[in-house]
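Undergrad: Okay, here's what each chain looks like letter by letter:
2 protein chains.
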Amino acid sequence: MLRVGLAQINPRVGDINANLDAVFRYVAMAEEAGCDLVAFPELTLSGYPPEDLVLKAGFVADNRAALEKVAARSGRCAVVVGFVDEADDEPVARTSARPARLFNAAALCADGTVLGVYHKQLLPNYSVFDEVRYFAPGHDDSTTYEVAGVAVSLSICEDVWVSDGPVARQRAAGAQVCININGSPFDRHKGDIREATVRDRARESSLPIAYVNQVCGQDELVFDGGSFVADATGSIIARAAQFGEELLVVDVPITQLGSGTSGGAPAGVSGGISTGTSGAQRLVQPMDELDQILGALALGTRDYVRKNGFTDVVIGLSGGIDSAVVAAVAVDALGADRVHGVSMPSRYSSEGSRTDAAALARNLGIEMLTIPIEPAFASYLDMTAQAFAGRAPDLTEENLQSRVRGTTLMALSNKFGWMVLTTGNKSELAVGYFTLYGDSVGGYAVIKDLFKTDVYALARRINERAGRAVIPEATIVKPPSAELRPDQRDDQSLPPYEVLDAVLALYVEQDRTAAEIVTMGYDAELVRRIVRLVDNNEHKRRQLPPGVRVTAKAFGKDRRLPITNAYRG
Amino acid sequence: MLRVGLAQINPRVGDINANLDAVFRYVAMAEEAGCDLVAFPELTLSGYPPEDLVLKAGFVADNRAALEKVAARSGRCAVVVGFVDEADDEPVARTSARPARLFNAAALCADGTVLGVYHKQLLPNYSVFDEVRYFAPGHDDSTTYEVAGVAVSLSICEDVWVSDGPVARQRAAGAQVCININGSPFDRHKGDIREATVRDRARESSLPIAYVNQVCGQDELVFDGGSFVADATGSIIARAAQFGEELLVVDVPITQLGSGTSGGAPAGVSGGISTGTSGAQRLVQPMDELDQILGALALGTRDYVRKNGFTDVVIGLSGGIDSAVVAAVAVDALGADRVHGVSMPSRYSSEGSRTDAAALARNLGIEMLTIPIEPAFASYLDMTAQAFAGRAPDLTEENLQSRVRGTTLMALSNKFGWMVLTTGNKSELAVGYFTLYGDSVGGYAVIKDLFKTDVYALARRINERAGRAVIPEATIVKPPSAELRPDQRDDQSLPPYEVLDAVLALYVEQDRTAAEIVTMGYDAELVRRIVRLVDNNEHKRRQLPPGVRVTAKAFGKDRRLPITNAYRG
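Going line by line, the protein sequences match chains A and B. Every position in the first sequence, counted from 1, becomes a number in the numbering used here once 4 is added. Every position in the second sequence, counted from 1, becomes a number in the numbering used here once 4 is added.
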């Protein structure tokens, strides 16, 4: 048995000293809990992902100096910590004229020194990941370290995702426990895949794997924690909660090794598991998908607001479903006294919108200001009357109203130091059904990765959890409208959201071409129209604030399409 | 001797059919000119860089179908064309759990078929490049193809940037000419480095290298053409112009091979160069650096505007240096009748600003509208009076004026279909000396990669070239001011631009830490202040439009710093 502490912490990118303090704090807790080893997430000291910070030689030097302090502090309880390592000489493998000299590394420290350093072998360079931009892949490394009489191997995140990779080789070299440190970003389907992958790896290799993940928001990414241990049969024997810091202490049963080179066969190994452990391990049950999404939205929003030095947020409340859900998430993330609503009615706002917005603010217990936009709107009509003479009103005048609201929100932000939370959803952002510099203004776009149909589901879940209609029923049941002209409704400009969202999922998230989507049975003209809208609005999406990524493909760094793009396939 | 045509064309990302048409057109021209071989730029058929378009299986299939058409069309004149190739089975080398299955490829076609396909071996994944995201590296490939009795080898861009790489191996395998196809983005120092690199490679290998580059703007990148041929002694024997399409026809002298494995020694080889050629080759002299920058700004702006379906642009003319230079570039790019200026004076605008803006418009021969912003500004002050009661005027009111101007520009854009060109320079964008959703609105930010000191140099060069003060002398000599409060001047908020720009170059472009810059002799407090401003304004820069990259590190995809970033080193 090996008593392992998985330190599921919330590091801060770039704040090496604060991350070092967190390491010291959790090492002390782990020692207190009698751990033989405590493991921290990927790139603990720099924070993850550090992006181009690692291109600063001074930053890398600072993070390596911090590692020396971790080593100096370490005692009988071994400490596995992530850091950016630097090669003494240039790595051999050349696949570019400018090969990397840095490694995504894990150090094992004990008794005051660095006992060994492991370099990540498999570097993700897809989706939101750019690790080949920064790091050279580590060479095959199956070193094991004796900790409390047990042979421990190290691996980092992606290393555990292939069958014939580092874990299998480490088992063959005699490892009895594999410590896998992670910065694994959340998406709504990630938890299951992550655990299934690690369980497969443990079972194939008959090797217990202790998986530790960080828990934080970092720009568009949320890291949900959910650290766990899979035993040598591939069973999850302990699991931490998602979306909160904790030290998960686990007594990991140790396989008595037979042949050092044996591979699979869990049956032959199961008899070798030491007894007298598992019984009372912490095993948090996984959350339902909608609750996970709400947890991710709250953590992402809280960390973005606070880590960027803000305390309060302001949200334009239209009476519609998007701003209602954003306000509810903000209250969850920051507390009602930190959230300010603004109603900005126009000549086209319905009475219902105003009363729905007021009811929401009352239900959430947040402040609500009211600033009618008519004066500025009327001024713009006057100012442009000469230039626009002889031209009929069109989208220009609709956008003007939205931009008056955006400007008003920014004035409140400037005067009171509140961050504006943007309320656009993924359906609208996909087809450009929003006004750039209007309803898109703000520091953080909370629900930008949720289709409109998802936003409705979240609204209902928020009310279920509260046991009352926090979000007014009228907001949920009325037909969506931008209210920028008389009797406007979304369905005058867009197909029904059920259809729109289905086509968008195929085109945006699954990279299908229009031609392929048509062959699946969707109306050809409709598909062409949606696809054209998505492509033509790339330039608008690029000027949006970041927001919480909750799917495997958000409008963020995981979707890098050219703006100037003539493909119509 | 081999007669090579370098087809320096302007492809369009995603427009496979248009790119195919351009290939057909240039093949016909090359045949007419008696070429033995005609070479097109990197990823000709897809356009470069295609970014995430290549993740669409349908797109890759479409581009491969186009290659078949190139092959079918080819005759005695061999055609080298770039395309995205797909592996039949998974590449072997595994450095990630999700290895790429695509290749950045060049095909050699002749007599109606594809004679061979080369896969790029060195994949840039730094700076603006993400090629490992998409492509697997090609295996060592020193195949030579006999074209008109000469052994020709292929390589792609980065492959030619290392001494011990593909070119040396191809020479050893008997190649007599290396065709190197490129999508090599412009920066102000790139031309010299590019030619010096290829000359080194040719000299080391005693192998003539024919280098063809595309010429176009693609979002933030400009590709400047400047195709050339280095002979086996490393001399440039032919060079195309920059910033324009052309077919450069070159009679390449052929080395008579001695030992197939001999490496360097140009002396021993020079006797083997065939005679009777070079004399009359086209050899355009390189442009001066400022002229190159002006060429890049015009090409980048023209292609961004037109390829995105716009014909006209609108620019807010303040009477200052930034908007003057942007307007002059726009006239160069699109013609005076496609450029519309707007003067938007406020209660704080000086008489000089108005007359300078009017003089500029007159000198450039562009339309100028005048829309005073007082009505909307006054309305906002009224609208916010209650919420702001008891608070002194501050940056809020300055930003309001800028946002009224931004909203007015966008109204003109919406009504008339003009793209707004943004006028911010790199110094301002670095330290956040601009108003988000105010002076930053627009589709394209022409001078976003030029420091203020560079903008002055460009203004003087523009006037020199015109032989008269197109940009009014007053605009150049008066102290810069945002004119958002009485008697405001930039130097009340910022250090002198000479100092600011020097520190920014070190911090932003060279990735030095504040501590390192201080040790170079800059004032510690000043450096800390500048660095803090740069870091704190990352969120604002992320919401800017793209603009022409003219340095080796712009505020674009070559600088990927976290927004949430606590590093203060």
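Treat the hints with caution; some may be incorrect.
Put simply, identical chains are the same to the list, so a pair is met inside one copy or across any two.
[As the list claims (entries may be wrong)] The calculated DSSO-like cross-link candidates involving lysine-lysine, where the alpha carbons are at most 27 Å apart (straight line), are:
{"hint": "1", "residue 1": "Lys-557", "residue 2": "Lys-419"}
{"hint": "2", "residue 1": "Lys-561", "residue 2": "Lys-482"}
{"hint": "3", "residue 1": "Lys-419", "residue 2": "Lys-60"}
{"hint": "4", "residue 1": "Lys-60", "residue 2": "Lys-544"}
{"hint": "5", "residue 1": "Lys-60", "residue 2": "Lys-482"}
{"hint": "6", "residue 1": "Lys-557", "residue 2": "Lys-60"}
{"hint": "7", "residue 1": "Lys-557", "residue 2": "Lys-73"}
{"hint": "8", "residue 1": "Lys-544", "residue 2": "Lys-73"}
{"hint": "9", "residue 1": "Lys-561", "residue 2": "Lys-60"}
{"hint": "10", "residue 1": "Lys-194", "residue 2": "Lys-60"}
Think of the hints as simulated: they come from the structure by calculation, not from any bench.
Undergrad: With reference to the structure, classify each hint as holding or not holding.
TA: Structure-based check of each hint:
{"no.": "1", "hint": "Lys-557 x Lys-419", "result": "neither (36 Å within a copy, 34 Å between copies)"}
{"no.": "2", "hint": "Lys-561 x Lys-482", "result": "neither (34 Å within a copy, 42 Å between copies)"}
{"no.": "3", "hint": "Lys-419 x Lys-60", "result": "neither (35 Å within a copy, 46 Å between copies)"}
{"no.": "4", "hint": "Lys-60 x Lys-544", "result": "between (32 Å within a copy, 22 Å between copies)"}
{"no.": "5", "hint": "Lys-60 x Lys-482", "result": "neither (53 Å within a copy, 38 Å between copies)"}
{"no.": "6", "hint": "Lys-557 x Lys-60", "result": "between (29 Å within a copy, 14 Å between copies)"}
{"no.": "7", "hint": "Lys-557 x Lys-73", "result": "neither (39 Å within a copy, 34 Å between copies)"}
{"no.": "8", "hint": "Lys-544 x Lys-73", "result": "neither (46 Å within a copy, 36 Å between copies)"}
{"no.": "9", "hint": "Lys-561 x Lys-60", "result": "both (22 Å within a copy, 17 Å between copies)"}
{"no.": "10", "hint": "Lys-194 x Lys-60", "result": "between (32 Å within a copy, 22 Å between copies)"}
When the structure is compared with the earlier hints, violations turn up for hints 1, 2, 3, 5, 7, 8 and for no others.
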